[in-house]
Structure formats: C-alpha cells, structure tokens
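Those sequence lines, one after another, are chains A and B.
The first sequence begins at 1 in my numbering and counts up one residue at a time.
The second sequence begins at 1 in my numbering and counts up one residue at a time.
Treat the hints as calculated values from the structure; they're not laboratory data.
Note that the structure is predicted; figures quoted are calculated from it, not measured.
In this text, a Cβ means the ideal position worked out from N, Cα and C, and glycines have one as well.
Any given hint could be a false lead.
[To be verified] Covered by chain B, per the in silico footprint, the following chain A stretches (three or more residues, Cβ under 8 Å):
#1 26-38
#2 60-73
#3 79-92
#4 127-141
#5 155-166
#6 172-185
So you can see what is in the structure, the chains are spelled out below.
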Amino acid sequence: MSGHTPSAGAAELAGLLLRVAAADAAAFQIFYERTSAKLFGIILRILPERHEAEDVLQEVYVTVWRKAATFDPTRASPITWAATIARNRAIDRLRARPVRAVVPVETAHDLADDGPAPDAALLASQDARRLASALAQLEPRHAAAIRACYFEGITYDELAAREQVPVGTLKSWVRRGLMRMRGQLEASEA
Amino acid sequence: MTGATDNGLSGLTADEALAMDYALGALGRAERKAAELRLVGDPAFRALVERWQLQLAPLDEATDPVTPPASVWAAIAAETTASALKPAAPVAAPAPVRGWWHNLALWRSLGLGAPVAAALALVMLAPSDALPGGAADQLAAASGPQLRATLAGADGKPLLAAAFDPASGQVRFAPVAQSEAGAGKVPELWVIEGNSPPRSLGIIDISAGSAHSIPRDRLAGVKQGAILAISIEPIGGSPTGTPTGPVIATGALTAA
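For reference, chain A alone in the conformation it holds in the complex (with noise of 0.2 Å):
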C-alpha cells in the first residue's frame, strides 16, 4: 500500500478509537473534540448550508460511534477513517437532492479562478506536500477539475456544464490527471 506514515497524533486518535469501540463515552468525547473541526470543514466543503453540514456531521459521528470496532490502523490514518465517512456522507446528502440547475453562462465559473493551489512548504506532512507538488505539475485546469471534485462533491456532468466542456473532455482531464497524479506519487515514494 501507499503507506501513510503513522504519527503520535495518529496513535493517539487510534487508541481512542479503540477505546471507543468498546463504548468508552470519554474516549467519544475526546475523539470528537480533536477531529470534527477538521471533518465540519471537509463536509462544509461540499455542502455550505451550515443546518445540512452539521446534520451530516452528526451522522458521522453517530457512524463512528457505531463503527468504531471496524477501524483498522493498518490501512488507514484516524483522521482519514473519520474523513472518508464524512465525505461520502455528505456527497449521499447532496446526490439526495434534486438535480441543481446548471449555473448560467454570464456567472458561470472558471475552474481557474479557484484559486492557486496552496502552497506546498505550508502544508504539515510529508504526504500533503508531495501530493500537491504532484497535482503542481498537471495542465493547471485538470488539477483544479480534480480538486473541484473531490472539495466540492460535484459530478462530471455538472462540473463539465460549468466549465462548458464535453463531459467525456472533463473526464479525461481529471482521469489522465489523477494517474499522472499517480505516477509522481509512486515515483517519489521509490
């Protein structure tokens, strides 16, 4: 596997995570204290309506106090378990709503206008850094496909309406993007 390298806040979320599994009500707390800042973000993302996102981050929660035993340190980060339930909760909360009206041509958003990617040297470990140097070096409108992807929760076809592209153009973009992506990734773990 692509490791991701264990650190001491990782063992520490992992030993509450355990303690947890085993309907320890402080361990809850705690784990709740040192990670819903960082999962209300991810799921303010993509659903902006404070009301929803904090309905969805209750769920999650109520899912990892559920699914606390299922936790496996050996294939995944604390954080990353936590924040892969808060995503795919909160992309199922936006799937559930009706098909959004495509936004109009004279508003309609540059992929390019998101913003430059931020900057490596600020982010904290060693795989945020590498992954953004990946995405760095990518035609500039298929990275920013890729994060309004995975950021945003949007389809292809919504995105590919946005950016007034065929479908079947956007998803090459993000398709070649993400193995190149892939492939700087893997070289620079060797």
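Given chain A's structure and the hints, the job is docking chain B onto it.
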C-alpha cells in the same frame, strides 16, 4: 458504463476508472449507489477504491477546520453515549471488543466507504464436508433443507452453517466456531439479492441448532445465489434498516 475507448484514458480498465471516480466523489447518484454495492461483495474493487482514497486523503489538509456549534455534540451524545448508558447492566462495565468478530469484516457499503478493516471476503460456498463436526449434515438430517450456505468470516474460516427451507420458511443455524455478539449487541441476518441493497431477515440467535421462522413476505424470491450475511447490531436490530455494525460472516445460498 464506461468502455475502454470512452474513459478518458486508453488502457484504464472500467473498474479502475469507476474506482477512481467513486473515490474522487464525481459519480452521480445512481452510479454511486451501484459502485457501493460493488464495494460490498468485491474485495478487488474495494482495494482499488481504497488505494485512491488513501492517495487523495492528504488533500484534506488544505481544508480549514471549522469548529461546529456545541449543539452538534449534544445531539450526538444524546444519540450515542447517553442511550448506551441507560441499560446499566451491560454497559456499566463495557466489555472490550473481543471475540472472533473483532478483526473481521466491515460492512463497507451504504455510504460508508471508509478505507478500513480486513476485507469482507465473500466466501464462495464451501463444500459441506469441509465443515468441522458434520454440522451441515446434522442440519440436513434435521430439516431436509433445500438451500444452504456456509457463512464465513473475512479470514475465510467457516463460522456457521445455515440451512434454509423455503417450504417452511425456516432457517436453521449450526455454529462451527464459538461466537458472541458482545454486551448490548445482537446478530442480525441479511439477504443480498443481485444488486439490491441488503434486506433484513431479522434478529437471530446463532446458538447451536436454533431455528428461525422468517415471515414469508420477507422471503419472497430468496433463491440460490443470494448472499446471506450477519452483522452485529444494537439490541432491537439495525436502527437504519441497513447494516450498521461489522459484518461477521457472509456466504452464498446454494442448492443443498
């Protein structure tokens, strides 16, 4: 579906493209649900998805944390720890998670694509003579079942034999390994037919030789090839109608 010529990258298999799209979060609702069903029963596909999830996860570091309001924790506590503390007997001294289900599979679908625990191996039906102690034969002798399944954990070890008699609507279980659900937990039986979501067949007792009558309407259409699965749920069964706890055993129904 995405064909080899239409996936934006020649040489990318349809499964690889789907795993990438799912992990990225770019699929529409129906495609997403279909991918989640694949995650339940296809460990190879799940591995593809998890690899992408892990590779993309460091992106989350670029997301600024936002402290949620205190009301969220209050609601979570009310739904989890507060109710868990009410039945004083089982939860006052919570047993550590243990027993054979501890490291077993996770029910990964249903909106919970976390890259977690041991793979849920959908174990193809073992020949009945592979069961220790002749458990399946005892079952066959006892009830003349028409369908049976060997339910195994993620490590492939048979945990129990199930025999299903469509005529009587009874399912009988013969454990081949010691099991316990843990304090405050019960096993719940599910059937997965084709691409449909798991359907509950109810809370079960998996102690030796126990027989369960399952209402006929729930059994309509259950036939050879359907997958039986057992998950560990709160007392009273899954609160959501889909499995919420770890799946401890799965197996396909086959003709006896």
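Status of the hints after comparison with the structure:
A count of 6 residues in the region 26-38 of chain A with a Cβ less than 8 Å from any Cβ of chain B is obtained; the coverage claim is therefore met, three being the minimum. Coverage of the region 60-73 of chain A by chain B holds in this model, with 10 residues showing a Cβ closer than 8 Å to a Cβ of that chain against a need of three. Coverage of the region 79-92 of chain A by chain B holds in this model, with 12 residues showing a Cβ closer than 8 Å to a Cβ of that chain against a need of three. Closer than 8 Å: that is the beta-carbon criterion, and the region 127-141 of chain A has 5 residues meeting it against chain B, so the requirement of 3 holds.
Counting residues of the region 155-166 of chain A whose beta-carbon sits less than 8 Å from any beta-carbon of chain B gives 4, enough to reach three: the coverage restraint holds. With 10 residues having a Cβ less than 8 Å from any Cβ of chain B, the region 172-185 of chain A passes the three-residue criterion, so the hint holds.
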